[in-house]
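**Q** For reference, the chains in residue letters:
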Amino acid sequence: MIKNILNLGDAALYCDFGSDVNQEINSNVIKYFYHIKKLNLRGITNLTPSYNKLIISYDLNIHSFLSLKKKIENIEIKENNKLEKNLIKIPVCCDNNFALDIKRVENKLKLKSEIILEKFFSKNYFCYMTGFVAGMPFLGDLNQEMRLKRLETPRVKVPKGSVGITEQFCNIYTFETPGGWNILGNTPQNIFDTSNQSNPNLVNPGDTIKFYRITLDQYNEIKR
Amino acid sequence: MKSKDRNYFKILRAGINTTYQDLGRNNLYHIGIPFSGAMDKRNFQLLNSLLQNDYNSPVIEFAYQGPHLKYFGKDIFFCISGNVSFKIITKEGVIDGNSYQCYLLKNGDEVDIHSTNKSVYGYFSINGTFSVDYYWGSCSINTQAQIGPNNGNKFSKDLEIEIIDINNSFNKRKLDYLGSTIENIRVIKGTNYDYFSESSQNKFFKESFKITKLSDRMGMRLQGPKIENIVDPNIKSEGLVKGVIQITSAGDPIIMLSDHGTIGGYPKIATVISADYDRLVQLTPGSNIKFKDVSLEDAETLYKLYQMETNNLISQIK
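Keeping their order, the protein sequence lines are chains A and B. The working numbering applies: residue 91 is where the first sequence begins, and numbers increase by one. The working numbering applies: residue 3 is where the second sequence begins, and numbers increase by one.
Be aware that one or more of the hints could be misleading.
[What the hints assert, rightly or not] The calculated lysine to any residue pairs, modelled on SDA-like cross-linking and capped at a C-alpha distance of 25 Å, are:
id, chain 1, residue 1, chain 2, residue 2
1, A, K313, A, D185
2, A, K159, B, Y195
3, B, K43, B, N29
4, A, K161, B, S297
5, A, K239, A, P249
6, A, K239, B, G267
7, A, K250, B, E209
8, B, K76, B, K174
9, B, K215, A, V246
10, A, K160, A, S117
11, A, K247, B, A252
12, B, K156, A, F265
13, A, K121, A, S154
14, A, K159, B, Y305
15, A, K239, B, N153
16, A, K160, B, K306
17, A, K93, B, N29
18, A, K247, B, K156
19, A, K247, A, Q234
20, B, K215, A, P244
21, B, K191, B, Y305
22, B, K205, B, N290
23, B, K238, A, I299
24, B, K306, A, D185
25, B, K12, B, K205
26, A, K93, B, Y195
27, B, K43, B, I291
28, B, K208, B, E185
29, B, K228, A, P268
30, B, K212, A, P268
31, A, K127, B, G139
32, A, K128, A, N151
33, A, K161, B, E299
34, A, K250, B, N153
35, B, K191, A, S109
36, A, K198, B, K238
37, A, K159, B, K306
38, A, K247, B, V134
The set of hints was computed from the structure by calculation and includes no laboratory data.
Take these sequences, add in the hints, and give me the full structure.
**A** Here it is as structure tokens:
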């Protein structure tokens with residue numbers, strides 16, 4: 091299922107699963123990720139799955155590119171290896187204070203805000219990957235008529251908990267960071283928990299997300 | 003603990019970016035947590051060797067201006083690595099200290115770390131162990147994700163740095179070392195090298211780039227000839243590694259450093275080789291950087307040489 095393995099610098103394998111972004115290719119990436127993680131190979135220092143790539147970082151004192159490449163190429167993954175999928179429900183408040191870009195999205199998509207939100211909440215989303223900052227899930231796919239580009243000028247600070255969309259994807263800002271996604275609302279739920287050392291992420295690759303809408307009062311209630 | 007039994011430093015001035023660091027945390031990229039850890043691994047290793055600490059003991063890393071510390075407790079030794087100017091203030095007077103040399107501190111003595119010289123990072127530690135909490139096996143502070151001791155924040159004034167253990171059988175040691183300099187930063191071509199025009203590929207290796215002030219533990223932004231993208235200014239977001247050089251939509255290189263975001267969507271033109279990483283992070287804003295292309299095989303050999311050099315330095319500690 092890996093099409094090609096290249097080197098990324100001198101201490102990482104760049105495993106290419108294809109150029110498209112879809113759930114089938116991504117599920118292959120995730121299967122490899124969990125399989126290799128479970129093998130617990132000595133000298134592997136990081137695994138980074140994304141839409142269609144898996145990057146394997148290693149300790150140069152233990153592996154060379156060619157020896158590790160051979161090891162990874164020899165891994166066999168059964169096609170029927172089922173992914174463990176959780177359904178996670180996440181509350182989102184779309185009060186004006188939180189829906190920072192709803193006006194922009196209305197203009198770009200030429201849809202009324204109520205229609206936009208109805209479409210957004212009517213679908214379940216698949217988690218392709220987590221990262222950039224700790225715990226941030228990259229989810230998809232939005233309906234065709236919901237797709238638009240990032241902000242021309244990214245925000246210097248996107249508030250923690252913001253739920254944003256761009257192209258076919260949506261995400262949740264787990265920390266206050268710079269970012270350019272179109273913000274539709276905010277979740278009071280903690281998506282990344284530093285104090286939970288064994289499983290800090292609420293959402294993991296392969297999971298399914300169901301967003302549901304809450305009022306400002308409910309938001310404040312959960313926050314409290 | 004009764005206060006007279008405590009051994010600790012009080013921070014009189016925190017410095018610009020002072021944090022605990024060790025070798026960092028592994029196997030968390032997939033949830034968005036980078037390695038972190040001491041930026042300059044060699045100076046980290048030398049410091050723990052000089053102080054006869056475990057190889058992964060926590061140290062205090064500072065950038066540009068370091069902390070001013072006042073010590074309370076029983077006699078202790080400290081040492082600083084990197085190219086650093088500092089003063090030791092005791093009842094007998096004030097002396098200028100030298101890096102890679104251990105000094106005795108008595109109750110009430112102070113260490114004032116003025117600055118790093120022609121470099122960015124320096125390291126401070128003691129013949130003992132700081133009291134730190136561990137997060138995913140590391141005490142490294144990642145201020146961006148607020149992970150690590152001190153609630154993941156950099157040190158601030160009046161903070162008290164507790165020491166839980168002092169090695170009483172310690173003998174003062176030193177190393178004669180001037181640091182290593184380098185003309186070029188050696189890189190391996192990246193996975194999107196062919197996204198860039200031939201003339202830009204040539205410029206990338208022939209011309210020099212200036213390190214801008216927008217550089218920190220997360221990344222280093224460079225300015226120089228614009229690198230022209232002839233394919234697509236974005237790629238589908240994918241994993242990043244330490245030392246990878248992305249080209250932004252504006253055509254400027256940005257090098258990912260130890261606290262970097264784990265995924266990114268800019269094309270990768272090259273990656274700094276592991277052997278040159280320590281020297282890369284020590285380059286100061288305003289200075290120039292020139293890249294040299296090496297093969298993967300050469301990079302692997304150069305890393306072995308780098309490790310041998312480090313071990314050689316450790317064996318010279320007396």
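**Q** Sort out whether S154 of chain A lies within 25 Å of K121 of chain A, counting only the CA atoms.
**A** With a Cα-Cα distance of about 24 Å, the restraint between K121 of chain A and S154 of chain A holds, given a limit of 25 Å.
**Q** Regarding the pair K198 of chain A and K238 of chain B, is the alpha-carbon distance no greater than 25 Å?
**A** 23 Å, holds
**Q** Would the pair K93 of chain A and N29 of chain B pass a check requiring their Cα atoms to be no farther apart than 25 Å?
**A** Status holds; Cα separation ~24 Å.
**Q** Keeping to a limit of 25 Å between CA atoms, is the pair of K239 of chain A and G267 of chain B held or broken?
**A** At roughly 14 Å apart (the allowed maximum being 25 Å), G267 of chain B and K239 of chain A satisfy the hint.
**Q** For a C-alpha distance cap of 25 Å, please report whether K159 of chain A and Y305 of chain B respect it.
**A** 19 Å, holds
**Q** Against the 25 Å threshold, does the CA-CA distance of K205 of chain B and N290 of chain B hold or violate the hint?
**A** Judged against 25 Å, a Cα distance of about 14 Å means the pair holds.
**Q** Under the criterion that the straight-line Cα-Cα distance not exceed 25 Å, is the pair K76 of chain B, K174 of chain B satisfied?
**A** 16 Å, holds
**Q** With the threshold set at 25 Å, check whether the alpha-carbon distance from K43 of chain B to N29 of chain B stays at or below it.
**A** Answer holds: K43 of chain B to N29 of chain B is near 18 Å, not above 25 Å.
**Q** Hint check: K250 of chain A vs N153 of chain B, CA-CA at most 25 Å. Holds or violated?
**A** 17 Å, holds
**Q** Hey, K43 of chain B versus I291 of chain B, does the alpha-carbon distance stay inside 25 Å?
**A** 20 Å, holds
**Q** Is the hinted pair K159 of chain A and K306 of chain B satisfied, with a Cα-Cα distance of at most 25 Å?
**A** Distance of about 19 Å is within 25 Å: holds.
**Q** Can you confirm whether the C-alpha distance between K191 of chain B and Y305 of chain B stays at or below 25 Å?
**A** It holds: about 17 Å lies between the C-alpha atoms, which stays within 25 Å.
Consistency with the previously given hints fails for numbers 7, 15, 19, 24, 25, 38, ordered from lowest to highest.
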